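A.B. asks: Numbers in the working numbering are just positions in the sequence shown, counted from 1, shifted up by 363.
Note that these hints are calculated values from the structure, not bench results.
Computed from a predicted structure; not experimentally measured.
Every residue, glycine too, gets a C-beta built ideally from N, C-alpha and C.
Wrong hints could be hidden among the right ones.
To be verified - For lysine to any residue, the following SDA-like pairs were computed, each having C-alpha atoms within a straight-line distance of at most 25 Å:
| hint | residue 1 | residue 2 |
| --- | --- | --- |
| 1 | LYS407 | LYS429 |
| 2 | LYS407 | ARG394 |
| 3 | LYS411 | SER392 |
| 4 | LYS429 | LYS366 |
| 5 | LYS374 | GLU390 |
| 6 | LYS443 | ARG454 |
| 7 | LYS443 | LYS407 |
| 8 | LYS374 | HIS421 |
Said to hold, decoys possible - Okay, the calculated beta carbon distance ranges per label pair:
| hint | residue 1 | residue 2 | range |
| --- | --- | --- | --- |
| 9 | ILE441 | HIS400 | 37 to 43 Å |
| 10 | TYR386 | LYS444 | 29 to 35 Å |
| 11 | LYS429 | PRO367 | 33 to 39 Å |
| 12 | ASP376 | ILE441 | 31 to 37 Å |
| 13 | GLU437 | SER398 | 34 to 40 Å |
| 14 | VAL388 | ALA423 | 18 to 24 Å |
| 15 | ASP420 | LYS366 | 30 to 36 Å |
| 16 | PRO367 | LEU432 | 15 to 21 Å |
| 17 | LYS407 | ALA447 | 48 to 54 Å |
| 18 | ASP452 | LYS411 | 58 to 64 Å |
| 19 | LYS451 | ARG389 | 41 to 47 Å |
| 20 | GLU390 | PHE449 | 30 to 36 Å |
| 21 | ARG439 | ARG394 | 25 to 31 Å |
| 22 | LEU408 | ALA433 | 34 to 40 Å |
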Amino acid sequence: MGKPNFSEDFKRDAVHQITVRGYPVREVSERLGVSTHSLYKWMKLYAKAASQTSSVDHEAENRQLKRELARMTEERDILKKAAAYFAKDAR
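Take the sequences, apply the hints, and build the full model.
C.D. replies: Here's what the structure looks like:
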């Protein structure tokens, strides 16, 4: 059983998830089935190209933050309704 060969595109995509999208290395490692050591090694190789695009990629970050805000707002509204329901039962 030898070490797996990953394509250059796979490596670049993994580095992109860490450097541009902001996912933690450990999470990407678990999700892709790659060691964290390999990811850090790939980051050294491919981070220059990714960092150039990340400085321009503010729109993607903006979209991600808007999605997160919408999810958090929905969770807050659900919790407010639940608190009101249980407060009504307590009386």
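A.B. asks: Please list, smallest to largest, the hint numbers that this structure does not respect.
C.D. replies: Numbers 1, 4, 7 and 16 - these are the hints that the structure violates, sorted from lowest upward.
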